[in-house]
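S.K.: Residue numbers (numbering that gives the first Met the number 0), protein chains in the order written: chain A, 0 to 379; chain B, 0 to 379; chain C, 0 to 379; chain D, 0 to 379.
Possibly wrong hints are sitting among the right ones.
[As the list claims (entries may be wrong)] Taking lysine-lysine and the BS3-like style, the derived pairs with C-alpha atoms no more than 27 angstroms apart in a straight line are:
| id | chain 1 | residue 1 | chain 2 | residue 2 |
| --- | --- | --- | --- | --- |
| 1 | A | K197 | A | K363 |
| 2 | D | K111 | A | K363 |
| 3 | B | K111 | C | K363 |
Just so you know, these hints were derived from the structure itself, not from any lab.
Number of protein chains: 4
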Amino acid sequence: MLRFLTAGDSHGEALLGILEGYPSRIPIDEESINRDLARRQSGYGRSDRMRIAIDRVRIVSGVWKGISTGSPIGLIIENKAGRKGGDLPAQLGSVPRPGHADLAGSLKYGFKDVSPVSERASARETAMRVAIGSLCKLLLEPLSIKLFSHVIQIGNVASPPYERLSAKQRLRVERSPVRCSNIAAEKSMLRRIDLARKRGDSLGGEVETVVLNVPPGLGSYAHYDTRLDARIALAVMSIPSVKAIEIGSGIEESRLPGSQVQDEMFLTRNNSVRRRTNNAGGIEGGVSNGEPVVVRAFVKPLPTIRKSLRSFDMRVLRSSRAPFVRSDTCVVPAVAAIAEAMVAFEIARAVTEKFGGDSLNETKRNFASYLRTGGRGLSS
Amino acid sequence: MLRFLTAGDSHGEALLGILEGYPSRIPIDEESINRDLARRQSGYGRSDRMRIAIDRVRIVSGVWKGISTGSPIGLIIENKAGRKGGDLPAQLGSVPRPGHADLAGSLKYGFKDVSPVSERASARETAMRVAIGSLCKLLLEPLSIKLFSHVIQIGNVASPPYERLSAKQRLRVERSPVRCSNIAAEKSMLRRIDLARKRGDSLGGEVETVVLNVPPGLGSYAHYDTRLDARIALAVMSIPSVKAIEIGSGIEESRLPGSQVQDEMFLTRNNSVRRRTNNAGGIEGGVSNGEPVVVRAFVKPLPTIRKSLRSFDMRVLRSSRAPFVRSDTCVVPAVAAIAEAMVAFEIARAVTEKFGGDSLNETKRNFASYLRTGGRGLSS
Amino acid sequence: MLRFLTAGDSHGEALLGILEGYPSRIPIDEESINRDLARRQSGYGRSDRMRIAIDRVRIVSGVWKGISTGSPIGLIIENKAGRKGGDLPAQLGSVPRPGHADLAGSLKYGFKDVSPVSERASARETAMRVAIGSLCKLLLEPLSIKLFSHVIQIGNVASPPYERLSAKQRLRVERSPVRCSNIAAEKSMLRRIDLARKRGDSLGGEVETVVLNVPPGLGSYAHYDTRLDARIALAVMSIPSVKAIEIGSGIEESRLPGSQVQDEMFLTRNNSVRRRTNNAGGIEGGVSNGEPVVVRAFVKPLPTIRKSLRSFDMRVLRSSRAPFVRSDTCVVPAVAAIAEAMVAFEIARAVTEKFGGDSLNETKRNFASYLRTGGRGLSS
Amino acid sequence: MLRFLTAGDSHGEALLGILEGYPSRIPIDEESINRDLARRQSGYGRSDRMRIAIDRVRIVSGVWKGISTGSPIGLIIENKAGRKGGDLPAQLGSVPRPGHADLAGSLKYGFKDVSPVSERASARETAMRVAIGSLCKLLLEPLSIKLFSHVIQIGNVASPPYERLSAKQRLRVERSPVRCSNIAAEKSMLRRIDLARKRGDSLGGEVETVVLNVPPGLGSYAHYDTRLDARIALAVMSIPSVKAIEIGSGIEESRLPGSQVQDEMFLTRNNSVRRRTNNAGGIEGGVSNGEPVVVRAFVKPLPTIRKSLRSFDMRVLRSSRAPFVRSDTCVVPAVAAIAEAMVAFEIARAVTEKFGGDSLNETKRNFASYLRTGGRGLSS
């Protein structure tokens, strides 16, 4: 069973990650992980810290002669900047910032100082999640399962969803400073970010992750915690700043009559199933149905804004203004990369559960055999 | 650790449920569970089956002289109507219905008949989840943690969220045939449901669950799967027909600048924390912050509509129309009751994790002691 | 992932069981489960209760037209005798019996009465485990994996282990009143049991479970909780009265030099591996190695003996004698059946993890393909 | 919930460990962890590798100003000797060694080379388990729960169990080169080890771990996987070379009549419970009963012996002799340290489950309150 733990504080010496249950014989390319780490760090709207310290992963175990061994994969990402307290302002001290875990975490863990909380509640830990997700993509690629993620909204500027994009527009995303497929939308987004930065304000938005070539049959309606959509909801909602999740066109659907939202099925000549719509977002009854899995996440604007927010001092019990820590103006493009990683993990987990396989060879063999004998559809 | 499994097919003889890790010495009132089962079954827009067969739970273990013993609680809900195939039409056979698990489940489990899939993928199993949630509420009540759930949208008719309701309006909900606080909205909803039923159509909507008196400190940012919002997202997304989840005002927030959405903190005279807004929905950094936990779920309209949908026959591989099974027009009020149950489970699970306690006495003692020494806020 | 929960008190109305993650399309024979329930109940040395109330299972879900559907299997075993307090003597009350969970459970769950504890801590719940294990055997049989269990010691009378038995002796076990392969040993055992019963005393012993045709590669050394021997140790140690576990000849081995205990490997003509010894009990490095898996469990004599044991009254805090509840003289043969069930569960769990498979067809196909391409050994 | 993962290959650059669910505010003393690492490495009978490379842990996260923060604790132990292939002989190659995971692991993970298997199946990974266990002891110490571990047998030389030792003999253990309390036994053991080393042979034995001041009520009979003895059995059986586990006097008990093995209870003047025997090893019905928890593990002799063992070459499918890798003669003293760590983990896990507590303060408060109101015994 694929599972992972991560450790690491925002200004500690390193992040650690351990991925267990990863099949053997998967070619491991450290550079492809580093590319994903860079995708998380890039994005117009990030603060300078991101640009100075480029994350690079070091794999310390579970790989032999360039392929995975089936043993736990041990990962280290060093914190180059800010080691031991770096830019964490001393005055953060005992005044919890609204919108952060500061207050809740201090009460929970018994601190009157915000630092031991914010060090872990920080989104810094998501760098390791991206590395884990990157390994999961290396497992999915040989099965032709591919992930795509992009930004479909920043502030009140929207950009079209994946299914309305041309191949060319899809390619555009990786070159866009805001992971946006649409030039006009991108321009507006950049302008809003500039404006927000000038004002010391922040912007949220919406990201979309699409998984292509997902076989039907991942997840199960058998129990509440085996449903694929439920697991994806946990994985994506767990990303800092994400406050809402949508599968397919779930929100819009809720306002329409049932007659307008069904994804009818058509038989093709070679007896596979085609649909003209994908309102279900690739999941029916908690099980992947063979269509692309579509997951959208809504990202709140970061709470670290120049406007001084009301709070109080936990030590002296007096009203106080929350400290302003210079921060990112907009992290929506980064959340797209993180959401892709978390969805990749859940899809990979469901794949190893369904197809077993201690080695890539075995997983591929079982996967192909399932598709051949009916999983693809119908011809068996 | 609180956990449960359920079993039971839609037209089988009974649903079973087992709840493990439930503290001892909690007074168990079978009738309060039955009331929750009735709330799930009621609601304008349900089909006749609901009215005929009133669900009643039977507790077969884990209770002694009216109180829980700490042993697994065994539950049975008999399927009074429809036993063994009852109203399941024979023609359902081999044509998967769009919007159901039919196709995905048949491919996954290797059937060319839809019945073995639809028997479990059916929302029938949620009756047992409601019973489980009801037991969880019996654990939360002695800690003063209360849940409220209502309908805030059916089709395109909206009704105000909890925080804008008067006490009187809140009380109204339990008497409303659509679990709606607002008379005008209710009227519109009933009309839409009548119209939809006449047309053989269906309606979705949106429900809101609010948890009151949640102590700060449930859940943790320590790992992705310990975050309270993430766990709630899984639990609620796992309800059949739910396709999107929102914590607090997560969707609206994503479009606003950060300066407009923060929940500032104010110190009261007796040194507790007050906020004037709750955009965060009671959860910051994955941890409850002492404000009400607010969860919204978007419900798609049921796919069983009179309009005949295109599909195909899995046996003969020929195009076919999906069978129309007479069904509910609108299940949104029922989903409110189910969402309440699932949220109750996750809150109860987080409570037993944080406060331990093998008996209610112990949990209460630990809970009170936490609040006294700082968990309430700040006075320690 | 295969998992189960059980519920049910010793004198309650029924035991419930739910098995989740069980593949579809496995032919389910209720009678074969009942036969295993009978094996658990039989055995010279049981009290009369066992003979009066023959356990029979009722499957209420997860089966359709005689085959499993992939949905949770719901099981009910009714408590025919003793319902609601039956032969539980009133005087059991507040005096904990040494050797039972009475004291520890009362303190843990906050009772000053032993009943709510002993109702669940009783070995009665193992009936449901046997039913679960029986279902697991139905999954293993189509893969040719077979289990054998017998008694190799009662009191100080020993009987040879599996590997030294002839085929005929192995067959003998099912007909023996003490599940013993050896006529002479059986005679001695029966005499000791008679003597112990006359004295109001009890006898423990040792059982052995052997799993045949286990493919190499179940379990993993990757993490402590994925090792097959560790998981089996948990599963078997969890049986009431079992106080020690041995894999292969683990105890004897610990006293011998390394040069005398290794299982050397020999290549056969058709390139499979043969060993002349199996000291490792089929597991090397936490992974099955293709040899029979051999698990031994040591069973303590039941603590319910006529000799009155010293204890105290929890209510009045005064010394007291523990009540004598008429009970079984020897449960070792029953433990053999239960150990078989628990080992079957762990082997089945490891099989579904390695080979995946939502349907028996898929599991079989993946299993066969693994054996063909190397898993059998070496010829790929 | 306390959980951990480890990563790291025998000759890789480092071992990683992540411990999640560890309460905050526990003083963390890196040196006490290093002392436990040294205990694992010492012991007469280890090879030279152990002496050259002294393990030292580096904590990279989860600690702030010397106390734990409640965030995951990240640990690194560098592999000073042998980095990247060091003393792993090239000829190990494709001939699996009997008694190792070599064959089973190669078949499972699809290798025809033993190295990727033996790198992880090696006992090297237990260094990180000892570090994890050491952190668990830091959590248990403030609750007065203490662990003791020693060697009670090497080869066929036995030494008395804990309960028969004087305080002075107990102290002796830490100074003994074989962790043995008895001078005469120690002498014999050293002689056997010398002899075995000379012969290129190896020796196994038996270790005992005792946990003192365990409160009654840890673990539960409610479900098979919540029993404390079952969990300890998994944890200890998962240690490489351990092939049998005994709780209390489980093996001897199995041969005695019930009248001779019960631990009768006596009320003391201040109304606590005393027993004169502890055959149950501190666990009745799967729950700790307040007496010392006693766990014994049987250790097989290492399979790396000079005598050349028969095996075959997986590449060319020809009979071959297994390579002889110079190795430890006797690891029994090291297993004592590892068993102590694994038992510490399981006890700490059960403590955090029962008493909750996100901070040491909270856990201690809840713990004390339980003892006061009945958990100690009886005076409430």
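S.K.: Against each hint, give a clear statement of whether it holds in the structure.
M.R.: Status of each hint after checking the structure:
no.: 1; hint: A:K197 - A:K363; in the structure: violated, 52 angstroms
no.: 2; hint: D:K111 - A:K363; in the structure: holds, 19 angstroms
no.: 3; hint: B:K111 - C:K363; in the structure: holds, 19 angstroms
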